[in-house]
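Asker: Residue-level listing of the chains:
2 protein chains.
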Amino acid sequence: MNTSNTSAEYIKQEKFLVAVDCIIFGFDTESIKLLLFKRRVEPLKGSLSLIGSFIKNDLNLNDSAKQVLEESTGLKDIFLKELRTYSNIDRDPGNRVISVAHYALIRINELDIKNVEEYDAHWYDFNDIPDLIFDHKQMVEDAIYRLRDEARREPICFNLLPEEFTIPQLQSIYECFYQRNLDSRNFRKKILSFDILTKTDKKDKTASKKGAFLYVYDKEKFDSFIAKGNRFQL
Amino acid sequence: MNTSNTSAEYIKQEKFLVAVDCIIFGFDTESIKLLLFKRRVEPLKGSLSLIGSFIKNDLNLNDSAKQVLEESTGLKDIFLKELRTYSNIDRDPGNRVISVAHYALIRINELDIKNVEEYDAHWYDFNDIPDLIFDHKQMVEDAIYRLRDEARREPICFNLLPEEFTIPQLQSIYECFYQRNLDSRNFRKKILSFDILTKTDKKDKTASKKGAFLYVYDKEKFDSFIAKGNRFQL
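Here the protein sequences line up with chains B and R, keeping their order.
Residue numbering for the first sequence follows this note's numbering, starting at 321 and increasing by one per position.
Residue numbering for the second sequence follows this note's numbering, starting at 321 and increasing by one per position.
In isolation and in its complexed conformation, chain B is listed as follows:
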């Protein structure tokens, strides 16, 4: 690091390795999954890990996380938020590393498979997360907790859905988030009562012969729904 411009008080301070770790959730139109890969460096080489990286001097944390995501999935402009920092002094046996966890929501069908394969990354069930290195499992649990909370207040689930989707697909996302089955009739009634979806004249017939109508999410209507003091409680 260039220290020529460093204030005197700063020079005597200790420095730290800083990493970003990305909790990448994806939806394949049926269920939510988590993207994990086998760690390539010691310690714990070969163990399951979140996808992360040490940060560099020319990027802020958010851009560092975006870079990790793009490298591992080929995707740009995806939903990405800081979760929180993990800084226990012995969290990484390789050395002291402060990690800033970020969570991302993506549509699995938009992934560049080549990138994912090059990264040797694989999808795991949202409701059955395997053991992970360091405190990564805690990061995932914290992210799920945050998502559950956010899903009640913001339309984040639409980051997981294709532009056109069925009501049962939307319901599957909420069932994953809340980890319980929801009554289909009540769910449909409630989500339509919010008046934030527009029905198309197309049908998805992959799940049943009769098919299910495809809907699109209307951001303008959602913003006006929230502006009226409503909450997105399903």
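Hints in this document: simulated from the structure, not taken from any laboratory.
Hints should not be assumed to be uniformly reliable.
Below, simulated BS3-like cross-link-like pairs (lysine-lysine); rule was C-alpha separation at most 25 Å, straight line [said to hold, decoys possible]:
#: 1; chain 1: B; residue 1: K332; chain 2: R; residue 2: K376
#: 2; chain 1: B; residue 1: K332; chain 2: R; residue 2: K335
#: 3; chain 1: B; residue 1: K376; chain 2: R; residue 2: K335
#: 4; chain 1: R; residue 1: K509; chain 2: B; residue 2: K548
#: 5; chain 1: R; residue 1: K510; chain 2: B; residue 2: K335
#: 6; chain 1: R; residue 1: K510; chain 2: B; residue 2: K548
Keep in mind that this is a model prediction, so the values were computed, not measured.
Take the given structure of chain B and dock chain R to it, following the hints.
Answerer: Chain R only, in chain B's frame:
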């Protein structure tokens, strides 16, 4: 830092200065205030700043923030939460510093004045925050936004009140958070309808001759209120 135990992959990575900055809100039974101090080191020595510190190798971020708070206020065991990281590469002209902002809520009357004076810290009006160094004003604005959101879901305001308080004092806190006047009759009616406060037989007569009854917050009742699916919306 001890590098004898450092993994080979880690050694070649860049290291960073990491700081915690504390956004300390206090309540003096009338209004919410923010604790600031004049910066003692270059760059921008003498300018108004949040209270912060570079972190050391033997503490995690939360404990570092607790230490800063204890040194500047003399208080232990206070409400303290991580807000988020601030990591733009040019945010601090002294050098690249990644700062993890934390917000705290305290009762001003419990402060150790000696500590605050030694720190040369002063209280500023919550609704009229002066210019601050670096991105500290942004940190304060982000903390206020977070507090407003949290106050709707959690009983955080009781961290600002003495054990026994009046309804008008509680109302003042909400008026600061929401930055608007609330109707006293409606506020009293609503907060009492939650059934989470216990009325004492004592009165506070500092604000009026007639006086206002003192109440205590009942954590057990609050927990059962939330468990029933209620929200703390005032």
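Asker: Each hint needs a verdict: does it hold in this structure or not?
Answerer: A quick look at each hint next to the structure:
1. K332(B) x K376(R): Distance ~11 Å between K332(B) and K376(R) Cα, so the pair holds.
2. K332(B) x K335(R): Given that 25 Å is the threshold and the Cα spacing comes to 14 Å, the pair holds.
3. K376(B) x K335(R): holds (9 Å)
4. K509(R) x K548(B): holds (23 Å)
5. K510(R) x K335(B): Between K510(R) and K335(B) the Cα gap is close to 51 Å, so the pair fails against 25 Å, i.e. violated.
6. K510(R) x K548(B): Holds. K510(R) to K548(B) sits at ~20 Å (cutoff 25 Å).
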